[in-house]
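Student: Spelled out, the chains give:
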Amino acid sequence: MTLAVKWGIPVALVAACVGYLIYTTSGGTSEYYLTVAELQSHAQAQSGDVRVAGVVQDDVVKSDGGLTVRFTEEDGTAAMPVEYSGTLPDIFKPGITVVAEGRLGSDGVFHAKTLLAKCPSRFSTQPYTS
Amino acid sequence: MILGYLGAGALLAGLVLGGFSALLSFWAGARESAVFIQVGRRAFYAATAMTLLAAVLLETGLLTHDFSLAYVAEHTDLSTPIALVAAGFYGGQEGSLLYWTLILGLLGSASLVASAVLGGRVAAYATGILATLLTFFLFVLAVVASPFELLSVTPPDGLGLNPVLRDGGMLIHPPVVLAGFAAFAIPFAFACAALLAGRADSAWIAHTRRFALLAWGLQTSGLLLGMWWAYHVLGWGGYWGWDPVENVALMPWLATTAYLHSAQVQEKRGRLRAWNFGLVILAFLLVVFGTFIVRSGVVPSVHTFAISAIGPWFLAFLGVCIAFSAVLLGTRASSLGTASGRPAEAVSREGAFVLQNVLLIGVIAVVFWGTVLPLVSGMFGLERVVSAPYYERAAAPLLAAVLALMAIGPLLPWRHAGRPTLRALRWPGAALALTLVMMLGAGVRSVAALIALPLAAAAAATVFTEYGRALMRKPEAILRGRRRYGAYLAHLGLVVVAVGLAASHVAQQEKDVTLTPGQQVSVAGYTLTYTGSEQRQDGDHTDFIAGMRFGDQTLEPSRATYAGLGGQALTHVAISTTPVADVYVVLADTGSDGSASFRVFVNPLVTWIWAGGAVIILGVLLGNAGAPSLQPELARRRVAATLSL
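Chains C and B, in that order, are what the protein sequence lines are.
Residue numbers 15 to 144, in the working numbering, belong to the letters of the first sequence in order.
Residue numbers 7 to 651, in the working numbering, belong to the letters of the second sequence in order.
Just chain C, with the same shape it has in the complex (with noise of 0.2 Å):
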């Protein structure tokens, strides 16, 4: 046996079983990722679970203990409800930016199973304006 088959061989079934693995979980398990326009405006991303980036506006209200909450999240262009339970960000409040992930239901109010906050990177809670 050559060098080339004796080490080419195991090197490249290895390859191509990685490449099989990502290929096959990433077309399974990857979501649409959304503005709430796009998500309002493509009919193919209301039917799975998708992440939607949104501003929260000022209408919080919390409910069962403060594990429920309701809010519209905006992105400027559009608005639209999110219902989530569960327990929220430190940072939640109106203002931020959340990501909700859940999906649309036939109520038109989305039912987050996960709401992420951005967390600040920065040392600085806001931009200096001087």
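Read the hints as simulated data drawn from the structure, not as lab findings.
It is possible that part of the hints are untrue.
[Claimed, not checked] Straight-line alpha carbon distances no greater than 30 Å define the calculated DSSO-like cross-link-like pairs of lysine-lysine that follow:
1) B:480 <-> C:76
2) B:517 <-> B:274
3) B:517 <-> C:132
4) B:517 <-> C:107
5) B:480 <-> C:127
[To be verified] Now the stretches of chain B that chain C is said to cover, found in silico as 3 or more residues with beta-carbon under 8 Å:
6) 9-18
7) 22-34
8) 144-152
9) 267-280
10) 357-364
11) 368-378
Note that the Cβ used here is the ideal one computed from N, Cα and C, for glycine as well.
Dock chain B against chain C, hints included.
Tutor: Structure of chain B alone, referenced to chain C:
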């Protein structure tokens, strides 16, 4: 005010010196002019000194609350604790770049001091490459994102920092990660220098071995500290979220891990030369790629990046690095040649190292694809993203195979494995079978756990077998072969980490409850009793503290509300660590009637992750301890040196 001018001046001086060092070193290297090679090296030291001066000036500005500097005003205020003010140095965009540059300069200088042994040309080219990198960073700092920018009006107080970041973990996590990244520039520079000079031997590997290990140790600590911080401060019950920011820190670590292993094949057997150059270059390109992703905000992340003008500069820098490396490898790799003698069998120590490398590169491919998918899919239609399930399903089989290799690889001899090897494998084999039987007997039915934990037990058994052999024959062998035994210790630490990751991932339990005082909640057999809550005013925030009785201790999860920050809340998780699991209580909200809502997690074996991390660091220290006594042996084994080009 004066600090701003001095700092900007120091950066400009550093920029000029760095550029001078780069140009002179390449020119002097090509001509092998010993005098000018030394001048180039000294110019590099001088550029580093200027960077150090700039860093000292920025730190002085922070500590003296010089709010005429925009950077100081944006990242600190008068009420910020002094340790966090000092940490503001690497807390913001510009400062962290200066920190990166400083580490690059200091470690680069350290690596150049004794570089003359590699020969004039390699030393000069390494200086040139390090100086080019340093010059790029100093250019960005001096021209694009200066930490010494002045405000037109000096404000009476700064803006302070976000309470989420007011935590001890934030003091040490970023500098460790950044230093780990910067340190890998040294192996990269010397690898490229050896390629440029047409040197096929492994002298550059030996010379930069400690820097590669330092980079790996820092990156490992940085990743674990980040996980520790996320777990103890963010309060979502986990420690790893496959966010792009985490992914781009993980990929260089994987590449560095692969390189540390394949480098041994070249040192010991003179093989895989081109492969090693490729791996070092890949690891460094991943560092630059990560810096670009984090600084540019091109992919969606839970982190809001400080989107600034430096994104395009880093993209251009990445492009230049890729083009330079590709041309260098493409033109020089074919002339590297291989060692004489028969090639090794596939089932051998060499084979195990190659397979481990291929698997780790596979994991990098998985993580890379997941990270750039939003970019790629966004070009062809609606943006798509992947989350934890993708990474876990695609990477877990590969990582399980790596665990299996950790059990088998160290017991395989170089060149080819025969019958005696099978006998050596009996201990890890027994550990694997025993763990599997015990887990099945205990009623564990999770396939992931049934694969991961027995493999981890086998890998641990291999380490113990190796230590046992040495102790029985001649214990002093452990001290003499400390590189090898340090590596085994790091293996053991990694196994402990893997057990913690697998157990806490597979068997985590959580429950959301709202309780009135006196009520109980039970999660995974742990019972907690809510004893009531109280409210306390503490400086700029109000604390709501709930009491949860757990056995004979009281856990006090709390929620601080910062009125000055628009009512932003900050959760303080309460964690009780028992030997088998962490009971992790988050206070979600408090009601006016004295009730409180909690999310309770039971996270099995999370402490193993942190303990394993400590063992890994011990291993790295053992492997690095004492004088580099292996040099003579290396010199003896080194394969014939310079190639004719």
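Student: Check, residue by residue, whether the region 144-152 of chain B contains three or more positions whose beta-carbon lies closer than 8 Å to a beta-carbon of chain C, and give the verdict.
Tutor: Three-residue rule not met by the region 144-152 of chain B, so violated; n is 0.
Student: Are there three or more residues in the region 22-34 of chain B whose C-beta lies closer than 8 Å to some C-beta of chain C?
Tutor: With 0 residues closer than 8 Å to chain C, the region 22-34 of chain B misses the three-residue bar; violated.
Student: Three or more residues of the region 267-280 of chain B near chain C by CB distance under 8 Å?
Tutor: With 0 residues closer than 8 Å to chain C, the region 267-280 of chain B misses the three-residue bar; violated.
Student: Between residue 517 of chain B and residue 132 of chain C, does the CA-CA distance stay at or below 30 Å?
Tutor: The hint holds at about 25 Å.
Student: Given the hinted pair residue 480 of chain B and residue 76 of chain C, is their alpha-carbon gap at most 30 Å?
Tutor: Violated - the C-alpha atoms of residue 76 of chain C and residue 480 of chain B are around 68 Å apart, more than 30 Å.
Student: Take the region 368-378 of chain B, compare each residue's beta carbon with every beta carbon of chain C, and decide whether three or more fall closer than 8 Å.
Tutor: holds (count 5)
Student: Does the alpha-carbon distance linking residue 480 of chain B and residue 127 of chain C stay inside the 30 Å limit?
Tutor: violated (59 Å)
Student: Check whether three or more residues of the region 9-18 of chain B sit with their beta carbon closer than 8 Å to a beta carbon of chain C.
Tutor: violated (count 0)
Student: Between residue 517 of chain B and residue 274 of chain B, does the CA-CA distance stay at or below 30 Å?
Tutor: Measuring from Cα to Cα gives roughly 54 Å; hence the hint is violated.
Student: For the pair we were handed, residue 517 of chain B and residue 107 of chain C, check the Cα-Cα distance against 30 Å.
Tutor: holds (24 Å)
Student: Under a C-beta cut-off of less than 8 Å, do 3 or more residues of the region 357-364 of chain B approach chain C closely enough to confirm the stated coverage?
Tutor: holds (count 4)
In summary, the structure is inconsistent with hints 1, 2, 5, 6, 7, 8 and 9 from the numbered list given earlier, while agreeing with the others.
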